[in-house]
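Protein chains: 2
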Amino acid sequence: MPVSPPSLDSFDLAILAILQRDNTTPQRLIGEAVNLSAPAVQRRIKRMEQTGVIAGNVAVIEPAAVGQPITIFVEVELESERAELIDAAKRQFSATPEVQQCYYVTGEADFILVITVADMGAYEALTRKLFFDSNNVRKFRTFVAMDRVKVGLTVPLPG
Amino acid sequence: MPVSPPSLDSFDLAILAILQRDNTTPQRLIGEAVNLSAPAVQRRIKRMEQTGVIAGNVAVIEPAAVGQPITIFVEVELESERAELIDAAKRQFSATPEVQQCYYVTGEADFILVITVADMGAYEALTRKLFFDSNNVRKFRTFVAMDRVKVGLTVPLPG
DNA sequence: ATCCCTGGCGAAACAAACTTGCATTTGGGA
DNA sequence: TCCCAAATGCAAGTTTGTTTCGCCAGGGAT
Chain A
1 MPVSPPSLDS FDLAILAILQ RDNTTPQRLI GEAVNLSAPA VQRRIKRMEQ TGVIAGNVAV
61 IEPAAVGQPI TIFVEVELES ERAELIDAAK RQFSATPEVQ QCYYVTGEAD FILVITVADM
121 GAYEALTRKL FFDSNNVRKF RTFVAMDRVK VGLTVPLPG
Chain B
1 MPVSPPSLDS FDLAILAILQ RDNTTPQRLI GEAVNLSAPA VQRRIKRMEQ TGVIAGNVAV
61 IEPAAVGQPI TIFVEVELES ERAELIDAAK RQFSATPEVQ QCYYVTGEAD FILVITVADM
121 GAYEALTRKL FFDSNNVRKF RTFVAMDRVK VGLTVPLPG
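Note that the protein sequences, when read in sequence, are chains A and B. Position one of the first sequence corresponds to residue 1 (the working numbering), numbered consecutively onward. Position one of the second sequence corresponds to residue 1 (the working numbering), numbered consecutively onward.
Incorrect hints may appear among the rest.
It does not matter which identical chain is meant; a pair holds if it fits inside one copy or across any two.
[Unchecked claim] With a straight-line cut-off of 27 Å between C-alpha atoms, the simulated DSSO-like cross-links for lysine-lysine are:
| hint | residue 1 | residue 2 |
| --- | --- | --- |
| 1 | K90 | K46 |
| 2 | K90 | K150 |
| 3 | K46 | K139 |
| 4 | K90 | K139 |
| 5 | K46 | K129 |
| 6 | K139 | K129 |
| 7 | K129 | K90 |
| 8 | K150 | K46 |
| 9 | K129 | K150 |
No lab work stands behind these hints: they were computed from the structure. Quantities reported herein were computed from a predicted structural model and do not represent experimental measurements.
Just need the whole structure built from these sequences, with the hints factored in.
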């Protein structure tokens, strides 16, 4: 929830570059890296958290280690694009834990989903629940990930 | 870098569920939530970090706040699928900062990319660099995200 | 030009969380 | 039953993060 129009200077960007790689970095070290005192770093981080520049602080879990070794992409095309039905789909996808990411897109598809499952049986069950039972899905295309070459939420930062 | 075959019990899973939502949660509170002492929580976290169950701890940055408001999906199809050329593509995509995520997939495409850019001009320049100059890209399909409905790396946890 | 006010910074005191060592308990196997 | 290994809880020590304070620079009004 953004609070005010943030304007980031090069200090903020340098701090973000460190935090999006490892947010357990001590503020003292961040300060040394960007030439600022630790309290100044702390103030900037707090402000960026309040203004929503920093959306969250999370641990990244290896899916394979918790029994979800398969990552699948799905392009979903709806029958009807009525706003009401779009919203219903958004809500359903958001509420499904196996749906790790969901984007509403332009182009030949309406949604793109990133799904994490234990095995293909689980995926098959999920497709039935999400797509066949929906009555508003015209078709969907499945891409199974053989290699998670690059994974993350890292954003390129200017400077 | 996994060290040993990890086996997670329900305590570990409960801890992970908390950390992948907010890894700044004090260990004392985690302990209260899962009925364990703070040091026990700390030991388990450390072990999961060493065994690679926890792949990292990162701050999530709002792309729009740092001048990268556009998210784009790209399906890439190569001319040749020789292993050597596949590897070259993996390396190039990995090394490109705008490529936030890259997966090597089965199906009608070879790669799926998640790209973050400032504007469509930047995307156009990137396509030229990544695809047209490559001489190994048969075609690619672009999907521009209108709504990032659900974003994250959260993994569904049993229990 | 001076005064005042606002915002940011650095230094130090303070509080909280993290880490470590040790005794105890629990569970399995001989 | 006895013993050993692993994990837990407790308590102390250490690091980290947080707050408070005073200082300095920039802007606007008098």
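Against the structure, the hints:
no. : hint        : verdict
1   : K90 / K46   : neither (31 Å within a copy, 37 Å between copies)
2   : K90 / K150  : both (26 Å within a copy, 9 Å between copies)
3   : K46 / K139  : neither (45 Å within a copy, 45 Å between copies)
4   : K90 / K139  : within (16 Å within a copy, 29 Å between copies)
5   : K46 / K129  : neither (42 Å within a copy, 38 Å between copies)
6   : K139 / K129 : within (14 Å within a copy, 33 Å between copies)
7   : K129 / K90  : within (15 Å within a copy, 34 Å between copies)
8   : K150 / K46  : between (29 Å within a copy, 24 Å between copies)
9   : K129 / K150 : between (29 Å within a copy, 19 Å between copies)
In summary, the numbered hints that this structure violates are 1, 3, 5.
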